[in-house]
Amino acid sequence: MKPLRQLRSRTIVLPFENIDTDRIIPARFLTTTERSGLGKFAFQDWRYRADGSPDPAFVLNQPRARGAEILVAGRNFGCGSSREHAPWALLDCGIRAVLSSEIADIFRGNALKNGLLAIVLSESEHRYLLDHPGIELAIDLVAGHIELPDGGRFTFAMDAFARHCLIEGVDQLGFLLRCEDDIARFEARAA
Amino acid sequence: MSTPRTLLDKVWDAHLVRAETDATPAVLYIDLHLIHEVTSPQAFTELRERGLKLRRPDRMLATLDHSTPTTRADANRQRHYVTAQAEAQVHTLEANCRKFGVELRGWDSNERGIVHVIGPELGATQPGMTIVCGDSHTSTHGAFGALAFGIGTSEVAHVMASQCLLQRKPKSLAVEVRGTFAPGIGAKDLILHVIGIIGINGGTGHVIEYRGDAIRALSMEERMTVCNMSIEAGAKAGLIAPDEVTFAYLHGRSLAPKGEQWDAAVARWKTLHSDADARFDRIVHIDAGDVRPTVSYGTHPGMVVGIDQNVPAANSAQDERALRYMQIESGKSMLGVPVDIVFVGSCTNGRLSDLRAAANVLAGRKVASTVRMLVVPGSVAVQRAAESEGLDEIFRAAGAEWREPGCSMCIAMNGDLVAPGQLAVSTSNRNFEGRQGPGARTVLASPQTAAASAIAGHIADPRDYLSAGAAA
Ligand code: SF4
Numbered sequence: 003m004k005p006l007r008q009l010r011s012r013t014i015v016l017p018f019e020n021i022d023t024d025r026i027i028p029a030r031f032l033t034t035t036e037r038s039g040l041g042k043f044a045f046q047d048w049r050y051r052a053d054g055s056p057d058p059a060f061v062l063n064q065p066r067a068r069g070a071e072i073l074v075a076g077r078n079f080g081c082g083s084s085r086e087h088a089p090w091a092l093l094d095c096g097i098r099a100v101l102s103s104e105i106a107d108i109f110r111g112n113a114l115k116n117g118l119l120a121i122v123l124s125e126s127e128h129r130y131l132l133d134h135p136g137i138e139l140a141i142d143l144v145a146g147h148i149e150l151p152d153g154g155r156f157t158f159a160m161d162a163f164a165r166h167c168l169i170e171g172v173d174q175l176g177f178l179l180r181c182e183d184d185i186a187r188f189e190a191r192a193a
Numbered sequence: 184m185s186t187p188r189t190l191l192d193k194v195w196d197a198h199l200v201r202a203e204t205d206a207t208p209a210v211l212y213i214d215l216h217l218i219h220e221v222t223s224p225q226a227f228t229e230l231r232e233r234g235l236k237l238r239r240p241d242r243m244l245a246t247l248d249h250s251t252p253t254t255r256a257d258a259n260r261q262r263h264y265v266t267a268q269a270e271a272q273v274h275t276l277e278a279n280c281r282k283f284g285v286e287l288r289g290w291d292s293n294e295r296g297i298v299h300v301i302g303p304e305l306g307a308t309q310p311g312m313t314i315v316c317g318d319s320h321t322s323t324h325g326a327f328g329a330l331a332f333g334i335g336t337s338e339v340a341h342v343m344a345s346q347c348l349l350q351r352k353p354k355s356l357a358v359e360v361r362g363t364f365a366p367g368i369g370a371k372d373l374i375l376h377v378i379g380i381i382g383i384n385g386g387t388g389h390v391i392e393y394r395g396d397a398i399r400a401l402s403m404e405e406r407m408t409v410c411n412m413s414i415e416a417g418a419k420a421g422l423i424a425p426d427e428v429t430f431a432y433l434h435g436r437s438l439a440p441k442g443e444q445w446d447a448a449v450a451r452w453k454t455l456h457s458d459a460d461a462r463f464d465r466i467v468h469i470d471a472g473d474v475r476p477t478v479s480y481g482t483h484p485g486m487v488v489g490i491d492q493n494v495p496a497a498n499s500a501q502d503e504r505a506l507r508y509m510q511i512e513s514g515k516s517m518l519g520v521p522v523d524i525v526f527v528g529s530c531t532n533g534r535l536s537d538l539r540a541a542a543n544v545l546a547g548r549k550v551a552s553t554v555r556m557l558v559v560p561g562s563v564a565v566q567r568a569a570e571s572e573g574l575d576e577i578f579r580a581a582g583a584e585w586r587e588p589g590c591s592m593c594i595a596m597n598g599d600l601v602a603p604g605q606l607a608v609s610t611s612n613r614n615f616e617g618r619q620g621p622g623a624r625t626v627l628a629s630p631q632t633a634a635a636s637a638i639a640g641h642i643a644d645p646r647d648y649l650s651a652g653a654a655a
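First to last, the sequence lines map onto chains F and V. Its first residue numbered 3, the first sequence is counted upward by one per residue in our numbering. Its first residue numbered 184, the second sequence is counted upward by one per residue in our numbering.
The shape of chain V in the complex, shown without the other chains (with noise of 0.2 Å):
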């Protein structure tokens, strides 16, 4: 008999060119490799220099996210980029594609945008895979069962040239989710207080499997905010078991297998789950019945609390230096807390669905008058999407901005920030000193919650706004 394994130990074994030894990590292949402008150009330089070529380039799929504006390009079709040298960045991943013959999600294409928003969009992350993109955000795509991790630039040029990377293989943490979510509980909230428990460092060195029955019940799109935000917790990726909710989600995806091919892709990612006695090196058990909804209060995503609880005492100076940054006094809760501006967008929650459950709240209200709202789609895909659902309508009706998608203010490189010292609600997943601009103070919650603040022009409580207005 063969000794039981976990996924991670199924897809990892699948992609051993080499095992791994004392004296050499393993040489794991690479399926799929994402690529964008910001940490790729000097790889591109790298292969340039030492005379190399793109092993694979039919197994990379590259876009234009981070650098890119989110105004629309003006009459004359210019695009008003934040720097001349944010331009050259995107124009230099335009002319490394050309050169080395890698398909471009860029400018004209109707499949630009997050990176993570259009691998599961089009269907080329799969079940099964290993994935990866110098990105961290990459643990995404785990969400599909697929090994995604992200990757320094050094490594991306390593994939380039060789489809593989150098990697000792990680321990495992499973975290078990089970019972029922309370309404108005989003996956957000439940990463929140996944990274609240375990820690920022509580995944260092391991792939986390979330499982459970409160996992199976959540949407594609629910699974892969949960992923996401693996990293927060240090990890080196999320993972979720495929199952018929994944099958669904991907069948007659663009890039997706077809006809008998799609029959025996899904034999074989029924195969793709931790075996019943599988052993993890650590194990997590959560009960949905006590996630609220929560946000961050500190300076990173650790730092969360219930909406309705109060902020906990700070126990060290770090604390302390983190309250007086973002203006947060323990023993209150964070209700109440005046709002400057309210994103809603990113590889975390600029999905169709985080935008409808942004939506949902806003119906036939109004963004509160001291408070900028920018809602940001994931990708082309979602933004024509949403407006064809009349989703843009709502936002603009509300007075919040819609704009075109793109990284945006998630990292503020493309001059969508947050002034010194205002504060922000966001959807996205780093609330870092001055991740979203200098001295910008960052609250990370749920697209319910990020409304619901923005109506009310202080940090509220999406409950409120959904018994009310859930009616319509």
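Looking at chain F on its own, in the form it has when it is part of the complex (with noise of 0.2 Å):
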């Protein structure tokens, strides 16, 4: 994974709450084998009408979306499934954080293992951010921040060890291998 310091986009904002991950993709794109490609299908039965056009209403289908990496979501986003495949389409369509004041727990942690930022925010800053679309925001992971447009900053609280695999660009699974030492000593009590 690339270490990832700072981020600096406009926001997209879906205000809906308890976004789940049936709506982010639907099931029945979940028969690839392939963790890319998905990107085409996010919030498919949001963003197209009956007969497949773009739902212009839709905000990821309107110009100011264009480009825009921060997703700012209604509280409790990414609830229901275990599958990674929303954190995967989500990046695929070009989206690099989430930003609510509650996200699901397993998203989170499928997000986070994708360099997908996932933050949780207080009521009354996500609120700012639901209320002011399309702003700029500078997000620093490494300062634990959000600088916004005229100055201001949110701090946010994240799991050391998340914030430092994805500051260093730490493979989870890598670290979990060199523990191996001690996973055989564990076995070997437990047999």
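What the hints contain is simulated information worked out from the structure, not anything from laboratory work. A quick note: this is a predicted structure, and the numbers were derived from the prediction, not measured. Treat the hints with care, since some could be wrong.
[As the list claims (entries may be wrong)] Straight-line distance between alpha carbons at most 30 Å, and here's what the computed DSSO-like set of lysine-lysine pairs gives:
{"no.": "1", "chain 1": "V", "residue 1": "K441", "chain 2": "V", "residue 2": "K193"}
{"no.": "2", "chain 1": "V", "residue 1": "K352", "chain 2": "V", "residue 2": "K453"}
{"no.": "3", "chain 1": "V", "residue 1": "K282", "chain 2": "V", "residue 2": "K236"}
{"no.": "4", "chain 1": "V", "residue 1": "K236", "chain 2": "F", "residue 2": "K4"}
{"no.": "5", "chain 1": "F", "residue 1": "K4", "chain 2": "V", "residue 2": "K352"}
{"no.": "6", "chain 1": "V", "residue 1": "K515", "chain 2": "V", "residue 2": "K193"}
Assembling the complex is the task here: the two chains are given apart, and the hints tell you how they should meet.
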């Protein structure tokens, strides 16, 4: 994984609460055996109308979404299934960070392992971002804060290990494999 | 004196390869890794690309369930997959299992079925274990006092290569259920009721331990239904301390310990309960007597209501949107809402006792002519057991379709889907928009309520059918 320290982008806002993983990537697209190529199916049932044409009312189809890498979503984003296809799909359509006041556990873990920043903010900070779509944010992972266009700052907490892995580009599987001696000892003890 | 510990503490402590620190999560050993065709291919690819082997293929259990057709193979033994990609996904797991040396409960196995149905059925799921699967309903196995949770595909690769996961310890939430359930009320009604109370994010960051006399009174299959939907409250896992009911269920199952090992295992399992003064981070009290037949009315599993109570008023734009999507009006009960499809199955309610509950209501009656009803057993073993009791005959005679085992309409990946705008009463676990097909409207319910609604052609109270039909 490539190290990730800073991210600067405009936001796109999806204000709905409880956006579940079936919304992010419907199950009918899970028959793939690859990680890539899922971006075109992200939010499928919101993005396209019944006749298959893009719905202009959906924010990701609007010109202002072009190039935006930060998604601000309503509370409890990513609830539901464990499908890692959800962060894969978001990354594949250019999203590099998801900001909310609450993010479901499995989704958050999956996202961070793939270099998709999943950042939880306070209710008031979240509300501010929901109310100001399209503003440019600078996320500084090293400092643990987000800079607003007016110079204001939101600090955020992230698990120390997850942050370290993102900043240094640490491969978690590599880390686990280096625990081999302890694992073997554990197995010998348990047998 | 040692400090009192919760069941979660005990299972957690027993699996620590390395304890957590501020800088690093715990390295947690995994006893059993369940895999299926949907969330494993990319993990196998990663192993291949990195030249890694499976560390403990003997601790894996593999099956085919999500993308598999539920229609029978034709005369040429051909199976009709929904797409070539679905078929390729199944073949990929078959090939990966051959190559990496994992025993697959595949098409030719009598032990195939939904991953969360076969684990317990085979006795692979045991108290005190850590169990993971690339599937959020892994929480089902917590019914045995195992710490069981869903993981993503990156973590599937972690477990494949190291038999371990990097984890922060979750918090504990006790859900204490006391009293007795009224007749005709099932485990599904209870868990929908609980999610309605704590909310779909009420369990986030927590493991729920279900406790109390009303939980102890549940059968193993009912306990699985309860733990299964813990994830629908956002919880990492559900747990129920093992007891005599658990031991009786496991005794004699093919992968359960035998002879002296069995005795030793039971002695060990008996220590797996929260100590009397163990501290939980949170406690919620539920009165079993308050639980009515419960159904969902909105587009997430926390939007539930007693079947004879009125759908609450929408108090956000979000709720309004959900009601519009569902075409449900607030201020009225769900009784009488027309039904197009009834689905009985899934890892929530696709076990033998669920099929019996549905058959009990259906016996001697007919599915309404406007309703299509699918009954999909959770596994080949459930299918055979149901057939040997003649349940399949009851379903067919009533006009329902009796299908081959699999996830089917729960996730609608295999071609079994609800058409846009149709309303399905489903015994599965998720009523998200489009979960059962684009535009599908899902009402979650117990098998009894599903069967009663199939007969009536609209959402119906199972108690009306049980009182009249129970005599037979
Ligand atoms: S039955 Fe449904 S919830 Fe259960 S494993 Fe299959 S798809 Fe997932």
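Do the hints match the structure? See the list:
1. The straight-line distance between the Cα atoms of V/K441 and V/K193 is roughly 24 Å, inside the 30 Å bound, and the hint therefore holds.
2. About 23 Å separates the Cα atoms of V/K352 and V/K453, which keeps this hinted pair within 30 Å; it holds.
3. Taken as a hint, the V/K282 and V/K236 pair is honoured in the structure, with Cα atoms around 10 Å apart against an allowance of 30 Å.
4. For the suggested pair V/K236 and F/K4, the alpha carbons sit about 25 Å apart, so the restraint of at most 30 Å is met.
5. The suggested pairing of F/K4 with V/K352 holds, with an alpha-carbon distance near 27 Å, which does not exceed 30 Å.
6. A C-alpha spacing of about 47 Å is found between V/K515 and V/K193, which places the hinted pair above 30 Å, so the restraint is violated.
Of the numbered hints given earlier, the model fails hint 6 alone.
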